[in-house]
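*Asks:* Protein chains in written order, with numbering that gives the first Met the number 0: chain A, 0 to 370; chain B, 0 to 351.
Worth flagging that the hints you see were computed from the coordinates, not collected in a lab. The model shown is predicted, which means the values in this text are computed figures rather than measured ones. Just so it is clear, CB atoms sit at the ideal spot from N, CA and C, and this is done for glycine as well. If a hint is listed, it holds; no wrong ones were tucked in.
To give a feel for the contact side, a few chain B residues facing chain A, derived at Cβ under 8 Å: (1) Leu51; (2) Val52; (3) Tyr102.
Below 30 Å or equal to it, Euclidean Cα-Cα: the simulated BS3-like pairs (lysine-lysine) are: (4) B:Lys53 <-> A:Lys367; (5) A:Lys215 <-> B:Lys58; (6) B:Lys151 <-> A:Lys13; (7) B:Lys68 <-> B:Lys211; (8) A:Lys367 <-> B:Lys68; (9) A:Lys367 <-> B:Lys58; (10) B:Lys153 <-> A:Lys215; (11) A:Lys367 <-> B:Lys151; (12) A:Lys367 <-> B:Lys211; (13) A:Lys215 <-> B:Lys53; (14) B:Lys151 <-> B:Lys68.
One-letter residues, chain by chain:
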Amino acid sequence: MGRVLAFVERDLRKFTRNPVIIFSSVCLPMVYLLVLGNSFQGTVKNLPFAVIDQDHGPYAKRMIERIASIEAGPGTVEHIIMLDAGKAEADVRSGRLKGALIIPPNFSKSVSRGTSPQVGLIVDNTDAISTAALQRVMTEAFTYLKVDAISVRPDRRIPQLRTLELYRKLDYDASIVPGAVIMAIFMGTMTTGAFSVVMDRFQGVHEAYLSTPLTKGELTLAILISGVFVTTLIALIVLGAGIRLTDLEVASGLSAYLAIVMVIMLSAMGLLSMMCFLLARIDHPRIVGIFGGFLNIILFFPSGAVYPIESFPPWLRAFSKVNPESYAVHALKSILFKGMNWSAVRDDLIFLSGFTIVMYTLATLNFKRTL
Amino acid sequence: MSAVVVQDLVKRYGTLSAIDGIDFEVASGTCFGSLGPNGAGKTTLIRILTGLVKPTSGKAIVAGWDVSKKPDAVRGAIGVVSQAMTTDLDLSGRENLDIYARYYSVPSKERRERIAYLLDRVELSDRAKDLVATYSGGMRRRLEIARGLIHKPKILFLDEPTIGLDPQSRRTVWDLLHQFLQDEHLTIFLTTHYMDEADFLCDRIAIIDRGKIKIMDSPALLKESIPGDDIVEIVTVARQDGMVNPPLAEVVAELSAHNFVEQIIQKEEGPYTEGDATESHHLQVYVSNAAEAIPVLMSSLQKQSLKVQSIGLKQCSLEDVFIHYTGRSIRAEEGHKVNFFIGAGVPRRMGG
Ligand SMILES: Nc1ncnc2c1ncn2[C@@H]1O[C@H](COP(=O)(O)OP(=O)(O)O)[C@@H](O)[C@H]1O
Ligand SMILES: [Mg+2]
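Extracted from the complex, chain A is given alone in its bound form (with noise of 0.2 Å):
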């Protein structure tokens, strides 16, 4: 145990010298939070978009009150007002608005006549996901149109939706949270553990060690044990400011830190003894650049980081319950927004100690003990 420590010390020190790594391996995931979190919010903000008022008449002005008020509330859209049609269709070509919404002339009249009245919204449909946010809020908009008063007693006729919340209300950048941790940790399994062994064969300079009696073994899981700890800890900072920028209300307790701690170390360590498996015999850093911008993406969005996994193709469906990345998601979002339960993070739990298991078996197998 001695050798193994004493190679662990070596990894360990090497990191700390070398503060540009200890920074951005902390910094970055938390700038995907930041920037995931604010540009990909799970609603669409502020929408612009112009209004052209051909009809002049009550309700058109209604119509821009209503859209107004939308503007106040939610924020969805940002309008303005238009006089000339062609104009606007060209800023909605070229991008500078989102949306034209034409109120014909006899717009009113046509409203209160009852004769189908109509109006135009030009949209750029290659944008889905803003034509069906400005699509929503015209509907939204026509809705009490014609309905002078709002009557108190609802219509008894009409069924009411009531969804029941199981969990207190949760913000979106919340809610990637365990997606930041989860980043955090594949960085910090990409930049310790195998990857300085790879940086060693590089160098050349595990010669050295090759030469002296530490074993296959006793390699393997001085890796494992340094790239953990350094992960761990990155990790556990990521988590830490995550729930400060993001004002997240967390269950405290022992055993909720405990089960976090478990879940962050036991995800670590399955992705440190995948790594070493697959870096096992590559002395190249350029293939470890290549291979882990490519499990990065592979592993972190079937996770169910950002997009629910119930909403793939079925063949994305099955390898994310193979990715250990789902169970390190799952884990961490049912404990941190659904408060402390073993049960349900007992399968996550027994998931990746085997996954760490079979990954350190077959990296201490395919460990390269020669030149």
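The hints should help you fit chain B with the ligands onto chain A, whose structure is shown.
*Replies:* Chain B with the ligands in isolation, oriented as in the chain A frame:
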């Protein structure tokens, strides 16, 4: 007792035989050198002996154990200084030594004493706290020698220990190795392509070329083994007077006719080639009696109207031994091998 025994060792990379059937023994307490040009197979040989590369066939016994069967026992008994520099740049000198001592499970008290002693011996005590990245090449090499000795090994393997060092650092390394050989009851196995290094350090030398041992003996006996008592060096250059030198074959035939000439070797290149390279040659004539030979050689060269730049008498060196046994200069191989750095560093499969 023999520290190293090698029997019919072969290492093939595809069709290339890097080691092509080698046998030798190294007596305990001596310094053994394997001398050869780049690509001769020296690094491959040392990597097999230190358990880093598996031989294709044959047997290697190091410190009493078969390297293929008991690699861990061998590793514990030997120290290795490889051709490429392998100390960690982002660790201090002391950290490098300390961590290696722990790979060999040296107990902590002994470790501290040994590190202090070795740092002192290699004159790095005052730089021990600095990162190796701030060391010069010579300092780094000295640290690696100290690291190789950290666990008091029985045998120290060094692959081209002074390659890339300036003359002064080379000298320091030689003196260090010379002292350690006496103080530590060591056996040293080193490889080198420097004649003077082998001459200075080694009790026995194996001249190795293209994976084969050409000859093996002490430096003194090697020098005696080549024919002729003296070597006359003749350098010819292109003529400036519009005439042409006679062809080399004619010159050699003319010179060989004298009965005191024992062998003539043409060296392949050198700083003397100016003007037309086809007319400038560097010949080494092995003769039995230089005093008698030089005037006669000069007159026959004149008779052939060959333009001679210089003619001189030379002491026999290991370089001459090498030329004699391999038919070419060891320096001619330098820069010839494109894969010099590959040989020095990480082995990579290069297709095929
Ligand atoms: N891993 C390898 N794969 C293929 N050929 C190799 C490998 N290592 C060495 N060689 C070849 O074996 C020969 C001997 O190389 P090496 O032992 O490095 O020579 P030296 O150390 O004497 O310069 C060279 O021709 C070299 O190209
Ligand atoms: Mg070499």
